[in-house]
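**Q** For this one, chain A is given, so just place chain B on it according to the hints.
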Amino acid sequence: MKSLKAQKALQKILFYAGNTIIGIIFVSPLIWMISASLKPEAKIFANMNSIQTFVPEDASFDNYIEVFRRVDLMNVFKNTITYILLILVFDLLINSICGYALAKFRFKGRKLILSFVVALMVMPMEAILLPMYIEMSQLGWVNSLPALVVPSIAKCFSIYMFYNFFKDIPDDLLEAASIDGSSPIRTFFSIVMPISKTVYATVFILDFVAHWNDFMWPFLIMTGKESRTIQLAVQSFFGTQPVHYSAIMASLVLSAIPMIVMFIFMQKYYVEGIASSGIKG
Amino acid sequence: MAKTEQMSGRKRDERIAGYVFSLPAVVLLIAFLVVPIIYTVYYSVFQYQVMRPNDITFIGFENYHKLITDSDFWISLKNTFYFTIIVVPVQCALALALAMLVSKKFKGVAIFRTMYFSPQLTSMVVIAVLWTVLYNSNPNTGLINALLVNLGLEPINFLTNERTAMNSIIFMSAWQGAGYQMMIFLAGLQGIPRDQYEAASVDGATPWQQFWFVTIPNLKGTIKYVIMITMIQAMKLFTQPYVMTQGGPRNSTKTMVYYIYTQGFQKGNFGYACSVAAVFFVIVVAMSLILQKITSEE
Numbered sequence: 110m111k112s113l114k115a116q117k118a119l120q121k122i123l124f125y126a127g128n129t130i131i132g133i134i135f136v137s138p139l140i141w142m143i144s145a146s147l148k149p150e151a152k153i154f155a156n157m158n159s160i161q162t163f164v165p166e167d168a169s170f171d172n173y174i175e176v177f178r179r180v181d182l183m184n185v186f187k188n189t190i191t192y193i194l195l196i197l198v199f200d201l202l203i204n205s206i207c208g209y210a211l212a213k214f215r216f217k218g219r220k221l222i223l224s225f226v227v228a229l230m231v232m233p234m235e236a237i238l239l240p241m242y243i244e245m246s247q248l249g250w251v252n253s254l255p256a257l258v259v260p261s262i263a264k265c266f267s268i269y270m271f272y273n274f275f276k277d278i279p280d281d282l283l284e285a286a287s288i289d290g291s292s293p294i295r296t297f298f299s300i301v302m303p304i305s306k307t308v309y310a311t312v313f314i315l316d317f318v319a320h321w322n323d324f325m326w327p328f329l330i331m332t333g334k335e336s337r338t339i340q341l342a343v344q345s346f347f348g349t350q351p352v353h354y355s356a357i358m359a360s361l362v363l364s365a366i367p368m369i370v371m372f373i374f375m376q377k378y379y380v381e382g383i384a385s386s387g388i389k390g
Numbered sequence: 149m150a151k152t153e154q155m156s157g158r159k160r161d162e163r164i165a166g167y168v169f170s171l172p173a174v175v176l177l178i179a180f181l182v183v184p185i186i187y188t189v190y191y192s193v194f195q196y197q198v199m200r201p202n203d204i205t206f207i208g209f210e211n212y213h214k215l216i217t218d219s220d221f222w223i224s225l226k227n228t229f230y231f232t233i234i235v236v237p238v239q240c241a242l243a244l245a246l247a248m249l250v251s252k253k254f255k256g257v258a259i260f261r262t263m264y265f266s267p268q269l270t271s272m273v274v275i276a277v278l279w280t281v282l283y284n285s286n287p288n289t290g291l292i293n294a295l296l297v298n299l300g301l302e303p304i305n306f307l308t309n310e311r312t313a314m315n316s317i318i319f320m321s322a323w324q325g326a327g328y329q330m331m332i333f334l335a336g337l338q339g340i341p342r343d344q345y346e347a348a349s350v351d352g353a354t355p356w357q358q359f360w361f362v363t364i365p366n367l368k369g370t371i372k373y374v375i376m377i378t379m380i381q382a383m384k385l386f387t388q389p390y391v392m393t394q395g396g397p398r399n400s401t402k403t404m405v406y407y408i409y410t411q412g413f414q415k416g417n418f419g420y421a422c423s424v425a426a427v428f429f430v431i432v433v434a435m436s437l438i439l440q441k442i443t444s445e446e
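Those protein sequences? They're chains A and B, same order as listed.
Heads up, our numbering is the position in the first sequence plus 109, with the first residue counted as 1.
Heads up, our numbering is the position in the second sequence plus 148, with the first residue counted as 1.
The reader is advised that the hints may include incorrect statements.
Below, simulated BS3-like cross-link-like pairs (lysine-lysine); rule was C-alpha separation at most 25 Å, straight line [unchecked claim]:
(1) B/K252 to A/K220
(2) A/K121 to B/K159
(3) B/K253 to A/K114
(4) A/K276 to B/K252
(5) A/K334 to B/K253
(6) A/K377 to B/K415
(7) B/K159 to A/K217
(8) A/K121 to B/K253
Hints were generated in silico from the structure; no laboratory data involved.
Only a predicted model underlies this, so the values are computations on that prediction, with no experimental measurement involved.
Isolated chain B (complex conformation):
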């Protein structure tokens, strides 16, 4: 009798403790994540200008109507997708290749790992400022063009030509980011049982076949996760174009988040910017759901 009383007392204690412990985080998440999500959608059906905070009018789907015919919006959507579609496979493949290079233990492996990871030790702002200087179109001041000229090639206007600006940002971003995903791949590679490779090599599998039939299938979960985080990261592109090109030349590096920033914070069209943000939110969620669906069906 005393024991059951004690048990139920403990259960009650546990329940109370559960609420007390989870409450602070839940309250903060609601206040600074859930409520803003709801308000993004809410403001998106209003005409709401920062300059006139008392003049908020309900306009239904007019903001969304305007979006459909807004060519700047479509350009930002296109640029965001272009960046994501190129940078995700490039960066993930690069990260996997680097991880393969340093997955085995050998003398000096820690040095090489640190080298590949080192761009991660500087922030994106730092990297963006540095590479703006490195990308300078004058071969007398831009390191990369100096190298091209030394190799007998023509200098390239990396950031000032609308054809190359986004690709230049992609290259730099992959270089900066790959070290992070390399670390995740390394952990995944370490989890692959040795004997599977031994069995494959006894069967006469070439290194390439081993990679394709042992490494890749064993790494599926890791690959899926890496693609997912790289993709979400890529969709949020803002710092690089803001620091390096201000969205130019000719809008060629203007992304969705950049457009939310210009509409909302520079021009003060909060309602309209919220409709862009709502579309952005739906796209990111939809893409991660689709990716999850595709990869889990196999």
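Pulled out of the complex, with its shape left as it was, chain A reads as follows:
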């Protein structure tokens, strides 16, 4: 009996030890990044062969001040937030009403649209970059906000998420409203939307993260320095001579902070959003 208990305890220790080791391996590059961002440039590559390299000596926020001095980071953040919020306002509205129509209204072409949406989900954006660029230049949108916003509003994946959620709303509820004389449009805005906060929060966080990380499309279409998004700023900062690694590390950390804040506040929706996509897909 005692040996069994001892075995259980040993198992538990091994389990924690394994998780701890793998966990440390996973976060150590990020810890190094944060530590380096707090070190003076001369110290950044000191002590590379000891654990000391993860502990910032003479820690200060000088590098962060340096980044703000060298790059107009406020403007970059403003650009990024503006374009993402603009996308998301339309994204949440247009994709949700489309998902709702597909889930709850009977009309000709419904099945066709639905199968189109599902088929286009695997469509890689990278395959259509060139005609998209031409389309943008014909519209005169190159290097302007609409080029970032308008093509990114409609998303098959978001429509499908909304469709899946609205499908499960009981028809009785909607019928009751319509007997009371509510039009389908009013029913949607006054009854459906308020009880669907979770799906809106989920799509919001998934798309926010996706656009915050966006690189290729902004990189191709936003060529002006004034209109850069955060990922472009980080990338070009890395390529600018002379290379100040301490300032670069600070810029990397800064660009991750909004994501971390988002994660802390909306973790539940973010994780559930990722998880539910797998169950339904």
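**A** Chain B in isolation, oriented as in the chain A frame:
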């Protein structure tokens, strides 16, 4: 009588509302997804240079002919497949292993989950910049080589040697991406009924047997989905080689999307780049169809 009138009125309302509600999304999808797909194929049979926008000539399949003999195209195709074939099983297996480690509730489980997920909280650009520094071939400045030297091993020219550059990108990408798929696996694992494990353990199944005969069969749908999204993601590889190696050394990290970018946006051969894009599109669609077919037959 009044009731049926009301019913048909409601039906008409519903139909109109259906069109009104779906119209904006459908219009946008057509304008910025369907039309560009058609134009990709359309431009691919033209000689079309950005520098001479008024000089577009129809050349039939000449671009595709050129592709067949273009060694750079074949290299990019090979590199894309190499990356995909290695990174998909590695990343999915890693994600599943991590999910198994943190699937049960225990003290501190949330901390470990967050640790494994944390690389996802930084963008690929950030990760690529960071790892370019970490991969530095000089052990005095590159963290990973410093570690290797400490362990008594030879330093490796991770990104500057054509033999190791792509593998280095693969390793980093799996590390960055696994946390995402881990979350999907976790949801799948939670859906497996407890009593199946109990029944198996009553029958004397070892943990390994339980994994093989209970976990895996129950997880089939999730595994299929995870492989699918990881594969499509992998085929689109661009940011890592662009930031870390510029496709080098010696084209060893040049991928299809990278080639579309160089041909179309750097050299301005739009027509030719569209033929590469069309081939890329067909490959991605074909691979997802094949994968769907293989996994649904079982």
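**Q** Is the straight-line distance between the alpha-carbon of B/K253 and that of A/K114 25 Å or less?
**A** Satisfied, since the Cα-Cα distance of roughly 20 Å is no more than 25 Å.
**Q** Quick one, are A/K121 and B/K159 close enough, alpha carbons at most 25 Å?
**A** Violated - the C-alpha atoms of B/K159 and A/K121 are around 62 Å apart, more than 25 Å.
**Q** Going straight from one Cα to the other, do A/K276 and B/K252 come out at no more than 25 Å?
**A** Since the Cα atoms of A/K276 and B/K252 sit roughly 31 Å apart, the hinted pair is violated (cutoff 25 Å).
**Q** Taking 25 Å as the top limit, are the C-alpha atoms of A/K377 and B/K415 close enough?
**A** Violated: A/K377 and B/K415 sit about 46 Å apart, past 25 Å.
**Q** Going straight from one Cα to the other, do B/K159 and A/K217 come out at no more than 25 Å?
**A** 12 Å, holds
**Q** Between B/K252 and A/K220, is the straight-line Cα distance small enough, at 25 Å or below?
**A** 41 Å, violated
**Q** CA of A/K334 to CA of B/K253, is that 25 Å or under?
**A** Violated, at about 49 Å.
**Q** Please verify whether A/K121 and B/K253 have alpha carbons no more than 25 Å apart.
**A** Holds, at roughly 13 Å.
The structure shown violates the earlier hints numbered 1, 2, 4, 5, 6.
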